[in-house]
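Hey, can you work out the whole structure from these sequences and the hints?
Protein chains in written order, with our numbering: chain A, 50 to 253; chain B, 27 to 240.
For the record, the hints were derived by calculation from the structure and aren't laboratory data. Treat the hints with care, as some may be off.
Under the rule of at most 30 Å between Cα atoms (straight-line distance), these lysine-lysine pairs were calculated in the DSSO-like manner [to be verified]:
1) B:143 to B:131
2) A:195 to A:67
3) B:142 to A:105
4) A:206 to B:76
5) A:77 to A:116
6) A:206 to B:124
7) B:76 to B:233
8) B:142 to A:146
9) B:135 to A:146
10) B:131 to A:138
11) B:131 to A:146
12) B:232 to B:143
13) A:202 to A:138
14) B:199 to B:82
15) A:116 to A:195
16) B:131 to A:199
17) B:135 to A:199
18) B:233 to A:149
19) B:82 to B:135
20) A:138 to B:82
21) B:232 to B:65
Each chain, written out:
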Amino acid sequence: MGLSLQGLGVLAQYPGYKLWNQTDVFKKSFAQASDATSSIQADFLQEKSLTMLSEKINSTGRFMYRKKDQVRLEYLQPYPYLVILNAGKLYLKDGQKENKISAGSNPIFKQINRIMIDCVSGTMLDNPDFESRIFENEGTWLIEFKPRAKNLKDLYKNINLVLDKKDFTASSISMYEVSGDKTIIRFQNKQLNAQIPDSAFNIP
Amino acid sequence: MPRYPIRLLISLSALACLFSCNTYRNLQKIQAPDNCVQKFKPLFEKVMYKTSADVKGNHISGVLIIKAMEDSSTRIVFTNEMGFPYFDFGFLTNNGFKVYQITPKLNNKYVIRTLKKDFELILFRNRDSIRYFALTDGPRIYHAYPQASGINYYITDSCCRQLLIMQRASDKKPVVEARFVGNISENAPDSIIIRHLNFNFTISLKKISGFAAQ
Numbered sequence: 050m051g052l053s054l055q056g057l058g059v060l061a062q063y064p065g066y067k068l069w070n071q072t073d074v075f076k077k078s079f080a081q082a083s084d085a086t087s088s089i090q091a092d093f094l095q096e097k098s099l100t101m102l103s104e105k106i107n108s109t110g111r112f113m114y115r116k117k118d119q120v121r122l123e124y125l126q127p128y129p130y131l132v133i134l135n136a137g138k139l140y141l142k143d144g145q146k147e148n149k150i151s152a153g154s155n156p157i158f159k160q161i162n163r164i165m166i167d168c169v170s171g172t173m174l175d176n177p178d179f180e181s182r183i184f185e186n187e188g189t190w191l192i193e194f195k196p197r198a199k200n201l202k203d204l205y206k207n208i209n210l211v212l213d214k215k216d217f218t219a220s221s222i223s224m225y226e227v228s229g230d231k232t233i234i235r236f237q238n239k240q241l242n243a244q245i246p247d248s249a250f251n252i253p
Numbered sequence: 027m028p029r030y031p032i033r034l035l036i037s038l039s040a041l042a043c044l045f046s047c048n049t050y051r052n053l054q055k056i057q058a059p060d061n062c063v064q065k066f067k068p069l070f071e072k073v074m075y076k077t078s079a080d081v082k083g084n085h086i087s088g089v090l091i092i093k094a095m096e097d098s099s100t101r102i103v104f105t106n107e108m109g110f111p112y113f114d115f116g117f118l119t120n121n122g123f124k125v126y127q128i129t130p131k132l133n134n135k136y137v138i139r140t141l142k143k144d145f146e147l148i149l150f151r152n153r154d155s156i157r158y159f160a161l162t163d164g165p166r167i168y169h170a171y172p173q174a175s176g177i178n179y180y181i182t183d184s185c186c187r188q189l190l191i192m193q194r195a196s197d198k199k200p201v202v203e204a205r206f207v208g209n210i211s212e213n214a215p216d217s218i219i220i221r222h223l224n225f226n227f228t229i230s231l232k233k234i235s236g237f238a239a240q
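Structure follows, in structure tokens:
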């Protein structure tokens, strides 16, 4: 009875998805796909929904990832803004203003950015800050991450990652806040293993 | 230097300050209608600003939304570019105020109070017409609205054709200056600058067009 109720809850939460219990099988396939992926480039659409205000903030830009821990998020709309993560360092550029965030200066912001790397590099399931459940439908995997760490738990109910079944690359990352607001980043026009110059990840 | 001249210098400085540090001391009290200020009040029905705040060398940026709600309150929500929330404030009717959400890094009584007062100044809140008074230096009128502590000034030209600057002041001198820059479109100014004069803190807002039409 308990199991069937839980099953119903899951179906209601993620229509079309079924719970997948073979975590080890999934992890192995994910690891194999990640091994074969040295870089990802994609366009992204980000939608921040402010529930109480019934408003959305839409942003677009270009995403780049290179193994092992380099990410570049270049926002183009509604205004240019650059985020680079490289070897644990975070660089932000807002117009002429540059901000380098060192370890420990803003742990929660750093954690959020770490999540992004984990999501694309396949290491999220090993992150002790989250407990995870895996769901599947015909074409995608949905991995639900619930924060364990208090600072993340105060902010996020869960973070969901949707992966394409064919290559295990992220189709979307959805961050559901405790407040009811959410941010969804959708990736399009993905290009795998293309050469990305070092300069894309340089932190000046 | 002998001790005596230092004491003399300090005394002279204190004396000079007594006469000059009060910015509003030499202004003349005048009779002026309190409806002058109302016409400069932006409606802020629904507006999105690219926002940056520089505090003592630290720079944060993101998107700030000001929205007039159906219950007559005004919400101000600030998130960073990646959607990470900084704060969500509600400016309620009857001068009420509610913190719906604030990131732990900003969750400090002094920070919240400072931001609340800064936004109250640009939202034209807490303007009690009974306590209102006006001062002038000739070309400008200082429309004064006493607050629980300090006074909010809306400074216009003498004919009340233009809002020149807004000030949040202690009893003697301005502590915050705010300006609307550029045109008023979509019922909100194109840019807003809020600058603290007693410590290094500036908030700059630049409107992102088209949001109100969404």
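Taken at face value, is the distance from the CA of residue 199 (chain A) to the CA of residue 135 (chain B) at most 30 Å?
-> 21 Å, holds
Is the Cα-Cα distance between residue 131 (chain B) and residue 138 (chain A) 30 Å or less?
-> 19 Å, holds
Do the alpha carbons of residue 143 (chain B) and residue 131 (chain B) lie within 30 Å of each other, as the hint requires?
-> Within the cut-off at roughly 19 Å; holds.
Straight-line alpha-carbon gap residue 199 (chain B) to residue 82 (chain B), limit 30 Å = Holds, at about 21 Å.
Keeping to a limit of 30 Å between CA atoms, is the pair of residue 142 (chain B) and residue 105 (chain A) held or broken?
-> Since the Cα atoms of residue 142 (chain B) and residue 105 (chain A) sit roughly 24 Å apart, the hinted pair holds (cutoff 30 Å).
Given hint residue 65 (chain B) paired with residue 232 (chain B) - CA-CA distance at most 30 Å | Satisfied, since the Cα-Cα distance of roughly 22 Å is no more than 30 Å.
Pair hint outcome, residue 116 (chain A) versus residue 195 (chain A) [Cα-Cα no greater than 30 Å] = Distance of about 25 Å is within 30 Å: holds.
Between residue 131 (chain B) and residue 199 (chain A), does the CA-CA distance stay at or below 30 Å?
-> Measuring from Cα to Cα gives roughly 14 Å; hence the hint holds.
Restraint check for residue 233 (chain B) with residue 149 (chain A), where alpha carbons must lie at most 30 Å apart | Distance ~26 Å between residue 233 (chain B) and residue 149 (chain A) Cα, so the pair holds.
For the pair we were handed, residue 76 (chain B) and residue 233 (chain B), check the Cα-Cα distance against 30 Å.
-> 6 Å, holds
Given the hint that residue 131 (chain B) pairs with residue 146 (chain A), test it: the Cα-Cα distance must not exceed 30 Å.
-> Measuring from Cα to Cα gives roughly 21 Å; hence the hint holds.
Take a quick look at whether residue 138 (chain A) and residue 82 (chain B) sit within 30 Å of each other, Cα to Cα.
-> Distance ~22 Å between residue 138 (chain A) and residue 82 (chain B) Cα, so the pair holds.
Violated hints are absent here; each numbered hint is respected by the structure.
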